[in-house]
Every structure is written in structure tokens, then in C-alpha cells.
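Use these hints to put chains B, C and D onto chain A, whose structure you have.
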Amino acid sequence: MKKVKSLKDAVNLINDGDTISFGGNVLHRAPMAAVREIARQNKKSLKLVKTAGAQDIDLLCAMDCVESVDAGFVSYETKYGLANHYRQGVQSGKIKGNEHACYTVICALRGASMNVPFMPVKGLNAGDLLVKNDYFVVVEDPFSGEPITLVKSIVPDVAIIHVQECDENGNAIIYGPKFEDILLSRAANKVIITTEQIVPVSRIKLNAERIDIPGFLVHSIVHVPNGAAPASCYKKYEVDDKSVAAFIKMSSKDEIRAYLKAYETKDYLGERMGRRL
Amino acid sequence: MKKVKSLKDAVNLINDGDTISFGGNVLHRAPMAAVREIARQNKKSLKLVKTAGAQDIDLLCAMDCVESVDAGFVSYETKYGLANHYRQGVQSGKIKGNEHACYTVICALRGASMNVPFMPVKGLNAGDLLVKNDYFVVVEDPFSGEPITLVKSIVPDVAIIHVQECDENGNAIIYGPKFEDILLSRAANKVIITTEQIVPVSRIKLNAERIDIPGFLVHSIVHVPNGAAPASCYKKYEVDDKSVAAFIKMSSKDEIRAYLKAYETKDYLGERMGRRL
Amino acid sequence: MRTEGYRVSDIMTCCISNMLQDNETVFHGVSSHLPMVAMKLAKSMHAPDLVHLNIPGGVNPSSIKHASYSSAGADLLGTAEAYFPLEEVFDLSMRGKLDVAFLGGIQFDLNGNVNASVIGDYHKPKVRLPGGAGSAVLIPTAKKAIIWRVKHDKRTFVEKVDFTTTRGNLWKIVTPLCIFEYRKGKLHLESIHPTSSLEEVRDNTGFDLIYDEIKYTASPTNHELAMLKKIDPYDFRSIEF
Amino acid sequence: MRTEGYRVSDIMTCCISNMLQDNETVFHGVSSHLPMVAMKLAKSMHAPDLVHLNIPGGVNPSSIKHASYSSAGADLLGTAEAYFPLEEVFDLSMRGKLDVAFLGGIQFDLNGNVNASVIGDYHKPKVRLPGGAGSAVLIPTAKKAIIWRVKHDKRTFVEKVDFTTTRGNLWKIVTPLCIFEYRKGKLHLESIHPTSSLEEVRDNTGFDLIYDEIKYTASPTNHELAMLKKIDPYDFRSIEF
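Chains as they are written, first to last, in my numbering: chain A, 1 to 277; chain B, 1 to 277; chain C, 1 to 241; chain D, 1 to 241.
This is chain A alone, in the form it adopts within the complex (with noise of 0.2 Å):
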């Protein structure tokens, strides 16, 4: 069962329409890698889920390959402005923007976790997002009679992670901030991880109690080194600020297909770094 796969063949089993959510926070750990490869392969009707992102959710926007995007906040941070793809995405019509508190998300994918089909919150309890979405339903508590706010349980059909390491069994360590990523590899149906490095099994062993990923949940691995980038990666990199800054101010599909091209190079090096091992 060999799970270290091409970029390409990895992003092959994402089928069009399905749920995915993305590892990381903003612009921080995203698989933008990844996130360029679905760009690239024209996938469509794709259901995103996460709870804070930026330009994961902004580039696939852009390309038309949402149609809708379920999240607590989609933003750049305060530097780089707003997510304007996916907000002309939603105002357009196009694309169906699913507002959730970041916190609702987070409750869906336990939900998800433990196979149940909602999750109760506490906290959502007043204004619109309870009247305007049918993801969220008040009911009476059976044990005190007290009302209580429902969210929907959202299944990923694949979640996308990136880690700093990962053995070619699956097993991935997450240096730094993990936000929601091992709740996400237990939440989704498939779990694809890039990794900045594919170490051997015996010295990802030496940091066993480290893992946050057991191997047997991985589905697939895919080597790519800046696999992040533009987005910061903890300990490798900081946010490439000018590929940023750059796309940030692109209009056109083609330019951003050419900022896509641009990145094919590095995109698919850990595969010929992988050929030549």
C-alpha cells in the first residue's frame, strides 16, 4: 500500500462537488500547493470548510471551482485586505457563502468526528446567522427543557494537511500551532498530507509522542517542499509576502493561471526530488 504519491495523483482523487477542508489558519500552514493543483486540474462545485481562511479560499474562488464555502471568517489579515474573489464570488451569486462562527465549524467537524449528525453549542444563541441558515437549529433539550442551538455535523470528504514531517506511512508531526488540522484529520473521509519533508520511519519513531497524525489515517502523502508558501510554515518560512502582495492585485483567470504556471516548478519538486532517491 504505498500512500507517497505525485501531487498530481493525489489532487486526481479529489472528485468535483465534493466537501474539502484545508489545514491551517489564514495565512499560516495552508497546503496552498495543493490548493494550486486543484486550480490547475479545473476542479469544480467544491464545497469549502474551514474555519479562518485566505487565499486557499480566495484562489479556488477566483478559478470558479467553489460553490460554496462554509467558514467563520475568509480574510487576509490586516496588511494584505480583503478575500475579494470570494467576496464577488458570493455577491455575484455564484457562490453561496455559508457564514458560520469559527467555533460552529469546529463543532461541525466534531460532529463529524464522532459520527454523529450535529453537534450542540453553547454560544450561538442571538441574531441572524440562527435564522438565515439551515445549518443551525434550536430545539428543547430533552433532559432540562431548555432551548439549545443545533449545528449540522459536516463530513470533509478529503481533508488537505500540511506538516513539516511526515514517514512514508502516514505518521506527520506539526511543529508549532496545530489549529484544527488533527480534528480535521479526524473529521474527513480521505486525508491527504503534504509534508516539507518525507523523514525515514525510524527517526519520526524517536518522536512517537509527537505525532499529531497516526499513519493508518492518512490516505495519502505527497512531498512538497514550500508546500505553504505563499503562506507561513513554522519554522521553514515566513509568508512570501510579494507572491502575496502580487495576487492580491490580479483580476483576470489568467493571471492568476500564470501565477499558477509560475509555481509549477516548485509545486512538483518533491516528486523529482522523490524520482531521484
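Derived by calculation from the structure, the hints in this document are not laboratory data.
Keep in mind that a hint or two might mislead.
[As the list claims (entries may be wrong)] In silico BS3-like pairs for lysine-lysine, Cα to Cα no more than 25 Å straight-line:
| hint | chain 1 | residue 1 | chain 2 | residue 2 |
| --- | --- | --- | --- | --- |
| 1 | B | Lys190 | D | Lys97 |
| 2 | A | Lys79 | D | Lys97 |
| 3 | C | Lys151 | B | Lys79 |
| 4 | D | Lys65 | A | Lys235 |
| 5 | A | Lys249 | A | Lys261 |
| 6 | D | Lys124 | A | Lys47 |
| 7 | B | Lys79 | C | Lys143 |
| 8 | D | Lys215 | D | Lys154 |
| 9 | A | Lys190 | C | Lys143 |
Small disclaimer: the values here were computed from a predicted structure and weren't measured.
Chains B, C and D only, in chain A's frame:
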């Protein structure tokens, strides 16, 4: 805000009638010194909660401290046999035995950690436990119309967790299996840590990423070397075979009182060491 | 009960081992030495990529020799490939991704009901049993639940259990006398151990046996016995006997 | 907008710092440099045991100097005392144990409703905003929610929000002109910054101001300004201005 206390003072926080949960699992890293002190202080009508308990539950049942036990499994392991004080208490009607699947205890604690009144559970869908216990109820999922079991949340008033290392602020590290202790520390209203060692703040900071329970969640800290004995404590000591075997044979409260008395010097050792510092 | 250099505990361990397939995720709980050794045996023989899960959370412990009195102790984590604790094993089973769960029980009936809770009334029991631990959620959700039990008598295999702790995806029950398979809602006698006989099974079972033909459980092979010596030198598999 | 050696960003940071008390658990999210600096300031002055929580999960990062463009980056974990990630911060707030949460928003009305979602219709919005992130669950559950906003105009402070993302335990709103306090269901003008005036606040607010008396926000002290230089040498607190 001085959190480091004597064992007596910490256990004194417990009120008669409280819901109490212990860390560890069967004969592993159970907070036995605190359990013994609860018995010495003659607490009454406690509601005990644990996935799988052994001497902790059995001893308190023997000393008539217990009103009810919510657990998935109460027994010593093969070699030592059954938890006879617990069994007799339930059989005589003195103690209410609320049988859970271990997982429904976990779910009930997850509910507490999220402050929701119940947690949906996939697996519990057949058999008499559903019928006989009022903390399980089957409802209709409002999203799909399918039946789903809910377990009522359990909020421990106090969780007592024994760890290998803790600093004076309560930042605690568990070596080896953590069992349900991290969840427990989030589910309970008050957390008491008993610890093999109180380590300097500067030293625990070197292992900041390994901290399982951040100090701000911890109410009280007690220094009790061998505080899990006669249960095991990973990297510190194995099960004290003699002590467990001797306890198993005891049937009268007087015998057990003598057993508790014999532990006093050991159980209060940390306090005396602390005073010397 | 030695016959030809192997014992009933060896038969049980080996036949359980042979129920396990490569790449399966397999869980055992507390007081579960025999299945623990069987899992390790399978992994050492025909199922190298079997995923061994347990309560302390050690994924694929490289040694089970130090588990000693407990199959829920830290030893199983010390030499493991990763940490995946009990909570998560349950979640995994809920998601339909646990292939095999090993569970206990005190009473079983022809209809596959399992009792690990009480003899007598639930609220005022004649005998309070230790409890089903994970059974009540794992037997319904694991793809295949295997029960092993070192007692085979008419108090264990009864017409009707006193209390149904759970029922569901029960697959096999392995006893010192035989193997039952649960299919079409009934326990079927699958095979009789070479150390026992149809009469012995019948005399010790509280319900009428259902079987198509009389089959015998395979004897442990020399290779299996040699491997058992290596992986279980302290004979944990016999601890319950 | 310099006056006497301090700027509006300094006033906002210092007045927020003074809202925080020792031993409180306090959370800030993404794009939240100003409150992050205010928390660090409080911790360096009157609230040494304040517990600083954030998205990457760094409890009490000893330095915020390297947070750079992001207040959700790994830097906040690298120098932290422990790891307590976002998921758990939410759970903490649900349990009523989060004292203060810093949140954003785009529109606010007199009745304390917060909009971070859309301008226009929710399902086909004129403007899709970034979303409330944690607001919709934190404003109802944190003991005290503080909103800061570097824009104060009639599009921000409106008679009635287009969409109510959330409402609840809103406590203060801090703007470049003033501080509002939410009590008895209404926003009250608590104090006007020394750099502004009642007229300026009135001219830039879309609802009638409620106040008992005109008060002015305290100016940053020299001690505070000196401390700010030390803990925030790269002036992250002004990044949004």
C-alpha cells in the same frame, strides 16, 4: 494566589454530595493519595465518575463515601479480581450503579467541556442500558429525521488528577498515557492536581509545548510523591502488588482504616518536604 | 490440558490470530492479554500492517513483553509508533473505521445478546458485574466484534441473558471449547477445538447447538508456537486460565 | 494626529489596557494587533497574571515583538508558557471561564447589535464582509466582550445594522474618537478621547448619543508610553491606521 496546598486543605475543597472524577485508568496513575484523604476526611454522598475505575472507586465504596458511580467498568484487572466493595454496595442498594459504556462517560464529559446539556452518541443504539437509565434518551435528529441517542452531560464539581510534573502555577505534564485526564481538566469546575514533583517554572517552560494542563485551569496543587501508589505511575513506579493484594482481602472498615492510617506518613510527605523548602 | 505440546490458551490465541487480516485496525481493552498476544502473533505472521490499538494509546507497540499484569498500562505506549488514545479509538469505531474490537462479557445467549452488567434486576442486582466497558458502543459499531471468554459453561452460555448490555456486530465468540460464529441473528457452532468434543460443548452450553457440519479448529502450527514463545515468553495468554 | 507626544493608537491601546484586570483570561483573534499590544501592556503594568490567549494557542507569549503582519502566527506560541489552541479557547468561553474577548465588526447600532457579515441581503449580499469569526459565539458567552474599531463614521455606527451577526455580553466599543459602554441594552458614550470632541463624535455617529455627563478618556501616562516603546517597538498597534 497561592495554589500549592497541603493534601488536607485541597481535599477539604470537596463537599459532601459533590460529583468527583479521578484521572488515570484502572490501576494506572489514579490519584490514590487524594482518594485516601477523601476517605480519611469521611466525605459523604459523593457521585463518582470515571470511564474505568478500580481501587479508587472500590475504596470509597468500602468506606461509605459514595452515593453513585457513573462508570463503564469497575474492577481490578485479571490478576486481582473484582471490586467487591463496589459490588456489595450496589447489590445492597446503598450505592447507585449507573452503568455507562466508557465512551458515554467520555461523551458526557465532552458535553461538560463544551457546556452543553448533552452529547449525541452514535454507538449506543441497542440493549437495555438505553432503557434502564434516564441519562440516555433517543430523539429524532432534526436534520435527517433519524433516531439518535443523547447522553446527558456530567459536570464534575472537582476533578483530581495525578501527574508526574507540575509547576507552582499548575502547568502540568503527564508522561505516558494520558487516558481521559486532559478532557477531565476541561470538564470539571475545579481541578486539583497531585504531583510527583513540583518543578521550577523555568524548567517546565522548557517543555512548554508538552504541557497537558495549563496552569490557569488548575485550582489547587498538592505535592505528593508516590501519590498514585499502589497504582502505577509511568516512569516512576509500578503497581505495588503487595498493597493491592492486601487491600483486596480486606472486608471490614476497621481493616481499611488501619490501611489508610498506614499510608498517612507517605501521603503527607510532600507537604513536609515543601515546608522545608 | 496439554495435548501434543500445545494448550487451550495456545489454540485460542492462534485461532484468534487467524481471524485477523492485514491492514485491519484492531482494538483490545483492559484485562485482555489473550487477544493482545493474538494481535501480536498475527502481526508477526500474516498481518504485518495490522494496526494494534489499545487503551493507553500505543499504536503498534513493538513489544508486549512488559505488559505484565495489565493490558492497559503504559508499557504499550512506551514502544509504540504513535499515540492514539482510547477516546479516539471510540471515535474511530463510531466512524466505521475500526475493523475489529475484542470484548468480554459474562453471559451470552443464542440470539447474540451480551451481558456484562448484572445478574438479576439492573437497579437492585443480585450480582453487579464489572460493566461492559466499551462493549455497548463498540459491538454495534466495530465492523467485527470478537468475544473471547475462558469459561464455557451453562451459566455463561444461556437461553436468555439476564440483561442485554449490548448486541450488534458480534462476529465470533472464542471459548476454551469451541468457536461460535454469529450470523443471521443466531450463534452457530463454527468449530470445536481439537482438545474438546461435540459432547463437551453440548454439555456445557445452555442452548441448543446450531451447526451445519462438525468442524474442528485448526491446531496451532509449529511456526505459530515458536513465534508465541518469542513474542509472549511470560505466557500472558494463559493469565486468565 | 499627534498631540503631546501620543497618538490615537496610543490612547486606544492604553485605555483598553486599563479595562483589563489581573488574573483575567483574555483572548484576541486574527488581525488584532492593537488589543494584543494592550494585553501585553496590561500584563507589564497592573495585571501580571492576566492570561493571554490567542488563535495559535500560545498562553502568555513572553514577547509579541515578532508577531509582524499577523496576530495569528506561530510567533505567539514560540515563546509561550503552554499550548491552548483556539478550539479550547472557545470551549473555555462556553463554560463561562473566558473573562474578556476582543472582537471586531463592521457595523454597530445603538442597541448593541454587531454586524460582521453582510451589507444587504444575507443570501445575495451587496457586500460580503469577512465574517464574524468567533464573535457569534464569543460575544454571547465571554463575560465581557470588547470591540475595537479604527473607523468611526456614520457607516460604522448606524441606527440599525443591516444584519445582526451577534449580540450579547458586549461591554465596550473603543474607536479613534471615543469609548462606548453597552448597558441596559443601549450604547452609552462613556468618554471622549482627548484628541476628539463631542461634536466630532456626534458628527460621525449615525445614532443619537446617550450620555450622563461628558467625560474624557485618560491620556496615556509617560510610564505607559515608555512601556509601549519597549513591548511594541515596531508599532504594531498602529498597523490598522
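Now the hints, each set against the structure:
For the hint linking Lys190 (chain B) to Lys97 (chain D), the alpha-carbon distance of about 12 Å falls within 25 Å, and the restraint holds. Taking the CA atoms of Lys79 (chain A) and Lys97 (chain D), the gap is about 32 Å. The hint is violated against a cut of 25 Å. A hinted pair counts as satisfied when its Cα atoms are at most 25 Å apart, and Lys151 (chain C) with Lys79 (chain B) qualifies at roughly 16 Å. Between Lys65 (chain D) and Lys235 (chain A) the CA atoms are separated by roughly 17 Å; this keeps the pair inside 25 Å, and the hint holds.
Proposed proximity of Lys249 (chain A) and Lys261 (chain A) is supported: the alpha carbons are some 17 Å apart, at most 25 Å. A distance of roughly 18 Å separates the Cα atoms of Lys124 (chain D) and Lys47 (chain A); the hinted pair therefore holds under the 25 Å criterion. Between Lys79 (chain B) and Lys143 (chain C) the CA atoms are separated by roughly 30 Å; this puts the pair beyond 25 Å, and the hint is violated. This hinted pair checks out: Lys215 (chain D) and Lys154 (chain D) have alpha carbons roughly 22 Å apart, not beyond 25 Å.
Restraint check for Lys190 (chain A) and Lys143 (chain C): the C-alpha separation of about 19 Å stays at or below 25 Å, so the hint holds.
Violated hints for the displayed structure, listed by number in ascending order: 2, 7.
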